[in-house]
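*Asks:* One letter stands for each residue in the lines below.
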Amino acid sequence: MQQVFKIPDCIKKDAKFTFCPGCDHGVALRLLGDAIDECGVREDTIAALCVGCSVFLYDFYDIDCLECPHGRATAEATGIKRARPDKFVFTYQGDGDFAAIGFAESIYTATRGEKVTSICINNTTYGMTGGQMGPTTLLGQVTTTTPYGRSAELNGYPMKIAEHIALCDGTAFSARVSLDSVPNIIKAKQAIKKACEVQIQGLGFSFVEILSSCPTNWKMTPQEAHKHVKEKMIPIFPLGVFKDVTKG
Amino acid sequence: MTKTLISGNKAIAQAAFDAGCDCYFSYPITPQTAIGEYLSEIMPKAGRGYVCAESEIASINMVIGAAATGAKAMTSSSSCAISLMQEGLAYAVGDELPLVLISVMRAGPGLGYIYPSQCDYDQAVTGGGNGDYRILVLAPSTVQECVDLTHKAFYLSQKYRNPVIVLSDGLLGQMMEPAEFVKYPYPEIDNSNWALTGAKGRTPRKIRSLEINEEKHNQNIQHLFDKYAQMEKAEVLYEEHNVEDADIILVAFGTMGRNIKAAMNLGRKYGIKIGTFRPVTLFPFPNKRLSELADRTKKFIVAEMNMGQMIKDVQIAINGKAQVKHIGRPAGAWLDETEILDEAKIMLGEEYAASV
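Quick note, the sequences are listed as chains P and W, same order.
Quick note, in my numbering, the first sequence goes up one by one and the last residue is 380.
Quick note, in my numbering, the second sequence goes up one by one and the last residue is 339.
What the hints contain is simulated information worked out from the structure, not anything from laboratory work.
Some hints could be false.
[What the hints assert, rightly or not] With beta-carbon atoms standing in for the labels, derived distance ranges: (1) P:Thr277 / W:Thr186: 36 to 46 Å; (2) P:Ile368 / W:Gln213: 51 to 61 Å; (3) P:Lys379 / W:Gln213: 49 to 59 Å.
[Claimed, not checked] Chain P is nowhere near these chain W residues, computed Cβ spacing over 10 Å in every case: (4) Ile97; (5) Glu163; (6) Lys210; (7) Arg312.
Think of the CB as a built atom: it goes at the ideal place given N, C-alpha and C, for glycine as much as any other residue.
One chain only, chain P, in its complex shape:
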């Protein structure tokens, strides 16, 4: 009989995800796990993890993991890769970790063209601390620290992470994808796989920003949350590949 569904080797068989119901982290981790498996690098992988909802990734993934201070994953990934250039190194971070407290480390890791891959989950809020305004919070979005909605005058504008990363000469691949629908999940998988391949080919820094839902902090059902991603987030954070050095 043909096997049509399989848990990636990357994911522990007894893994119990600690994410809220309806959260897209589980989907993202599955796609990344599949990509690492398909590239055949699971046993050569070292991950640099973030502080946030995905801090327990080492409990879900069957790979070597280093827990990093908040925002410092790309710097630690740089150290890992410089010490072990033969290893596959990735960071898995939230928007707050990658683009607020860690943006200096992130943008310089891209600028240096470190041969590592960063996955950034953009859910427009600090999930683990209970839904505060983050770097990507939409204008008008109500959070626990923008009780009247984010105003540009008071809080500035949401950050376009993938576009910033694409501007760096050291970046080999930068894309934004979404997990709001099956077609978009398939495209997300392709982008994540591409980012992994770009690292393995030694072309430079590779980056995928993933628009994800946070039903708990958005106070929505999972269906409403995916509708919100489609109708409110994608118009502000357009999907696509912003840089791909493999395509002239």
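Here the structure of chain P is known, so what remains is to put chain W in place on it, guided by the hints.
*Replies:* Just chain W now, with coordinates in the frame of chain P:
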């Protein structure tokens, strides 16, 4: 063996290279930049890791990343910039990662100035990071000791899986002295049972400081303190002179350790019974030996290029058994031997001075 005339900073850089430093990441700051400049010439050529990082926050975290793979990793910096590394140092302790930090002190607080100073004894020894932790701190007073202690720092960091600071200052860093670069007897420490190398044919590893189980968390911290107790037993280093008959003992670390020796030699010429005591390890601190000395000698002067930092540890060691006085200047022109000797005479009293 031939000696090389070399500055303290460059001596540390060469010693780190000789000790097998695999990766060096740093950001420039006076008065330690020569370390990074020196290593930028030789590390990439030797196929070793070198990054001139975008900040000290980045450099310490790059060091952590490299150390997590079992590489020998080092950074160097100074004072206000080491403030930026405190988060990383606390994580490295919690993660039980070996790394070496060269701290070349300048004057503070804030931007302060590039004058030599010892005003970051507290920063190194008691630290500014979060949590209950200790860092091994080695304080050289000569360029030769910069070499010796850099080698030792790599060994101890690996042995205990803990950060080690070599605490130098702007004067020692830029001063040139003859130094020998020899082979050191330190054994290589096997890290194959914990380093992150990819989970090929083995259970995956996680290096972390997070522990949500309260009991386990307390056990983890106790484990760290068991290591510190081991360091206190095995690693205390100090240098002492003429303490057997001393009426007064001068205590100093690092650069000031040279000046108290000069003051002792000058005082002994006049018949004043002066001894000197120089802690080489600032953590673990030579409490036991200082306490023994205080059984006999009842006057101690602590001379520092700061307003009184190591004196607190001296007072704890002596625990009220003797009089302890601090003399110091926080920046630039340090106390010379005549100033130190004058203070010793004052502490010994007019009668004593008249009797010699």
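*Asks:* To test your reading of the hints: which numbers does this structure violate?
*Replies:* The structure breaks none of the hints.
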